[in-house]
Amino acid sequence: MRFALDALYLFALVLLSPWLVWRGLRTGRYRNHLGAKLFGRVKVANPERKPVAWFHAVSVGEVHLLGTVVAAFRKRHPDWHIAISSTTDTGLAEAVARFPDCSVFAYPLDFSWACANAIKAVNPAIILLAESEMWPNFLAAAARRNVPVVLFNARQSPRSFKRLKVVAGLARRLLFRHVSLFAAQSQDYAERFQLLGVPAEKIVVTGSVKYDGATGDKDSPKAKELARLIVRNNPIIWVAGSTHAPEEEIVLDVWNKVGAGYPDLVLILVPRHPDRFDEAEGLIKKRNFGCVRRSKIVEPLAEVPQIVLLDTVGELGAAWSLAEIGFVGGTFDGKRGGQSMIEPAGYGVPTLFGPHVWNFRDAANRLIEAGGAIMVKDAAELEVKMLELLADPARLREMGERAKALVQEQQGATARTMDAIDGILALPSSDLRGNGVAPRIV
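Here the sequence shown is numbered in my numbering, starting from 221 and rising by one per residue.
Be aware that a few hints might be false.
Have a look at the derived ranges for each label pair, beta carbon to beta carbon [to be verified]:
1. Pro483 with Asp226: 58 to 64 angstroms
2. Asn508 with Gly534: 48 to 54 angstroms
3. Leu258 with Asn476: 45 to 51 angstroms
4. Gly643 with Arg364: 19 to 25 angstroms
5. Gly255 with Pro483: 49 to 55 angstroms
Treat the hints as calculated values from the structure; they're not laboratory data.
Keep in mind the model is a prediction, meaning the values are calculated, not measured.
All C-beta atoms, glycine included, are put in the ideal place defined by N, C-alpha and C.
Sequences are here, hints too, so could you generate the full structure?
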């Protein structure tokens, strides 16, 4: 089967190559770390031959999620070496910044030779995949080396569930049977995995680790620095975070209309993907709005501009720490299923988001029920709710308090996840010497 998959991947790569080349030339994507991605040429500095835990996070958001999990793993297993992979350039950059003493490298594409070479080079005693990242050749390569795989903070969106249900038998054969444990975010996700054929004994509901990562620390160095650079004269700050097209246009139009009655309303706009920063700036200039790019701010501004375009990676949390009201992106176009509203809630930010939140349905529902967030159906309702909330500061404060309280109530998933992982590690970590001997799966 692996050779059939390799042929399929090669065919797709050839078919998409003109677009990939054009995209690479235009944005700089897909051009880095080709040795690791295509051939599994990765390096892990582990001279003491400690047992290795390989964590994988697709992009920046998942790398942030690793913060609490890696810290908890290290606390329980201080004599292990940590290796971290990511798929995107931004994810890799963030992993290097967040985990400077870990081995960080690009995740291989799902060619059998690349996966086999990478796993041999890393020589992990356990592999821990964040959320939903399962690839058949990679999982098969891990199984051939008897390396247990855990999918933690696991989720199964309605869209993915529908697709996998059509090929449930194939998914069981190529994916699920090679995963030792599914640590699911919610009971709903756990039930979907079961309906797809995952045995109940391989599933545990831990809750979402993202609640534990939502520290709401407004005194962090990044938060203080951003406040020092841009906050003047007590503006009302609206953060539109992790936006996708066409949400920037929607937010800009709403900000323009709402701002007519609130001239001190400052928008911090944060596109989800760095390759859209220039496009977002073009949309702002097209409307003749005043704007400063965060990357250009090196000294404190004399006065706050109308719009700050946050064109840096890793500062969204700092932006949320300044916000009095927020909008969470990926929720209007019906394609992405939303970005996380847990982080702004942890900062006590009352948030608004569109109707498409299937990636975070549980969190969205909990926040709405707690009175800490509002779902809006379209741009018109976003404008209406913005005006209502800005006219009622007491309600804004109460929503923020309710949001933060909910996040604090939901915390504890990291400890439950670690308990589940330790159940997989039947051998004490001191007995593992990074020599390719994998622990028994229990």
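Okay, the hints, checked on the actual structure:
1. A beta carbon spacing of about 60 angstroms between Pro483 and Asp226 agrees with the range 58 to 64 angstroms that was offered as a hint.
2. Between Asn508 and Gly534 the CB atoms are about 30 angstroms apart, so this pair departs from the stated range of 48 to 54 angstroms.
3. Distance hint for Leu258 and Asn476: a CB-CB separation of about 46 angstroms, consistent with the stated range 45 to 51 angstroms.
4. The hint said 19 to 25 angstroms for the Cβ distance between Gly643 and Arg364, and at roughly 23 angstroms that hint holds.
5. A hinted range of 49 to 55 angstroms for the beta carbons of Gly255 and Pro483 is consistent with their spacing of about 53 angstroms.
In summary, the structure is inconsistent with hint 2 from the numbered list given earlier, while agreeing with all the others.
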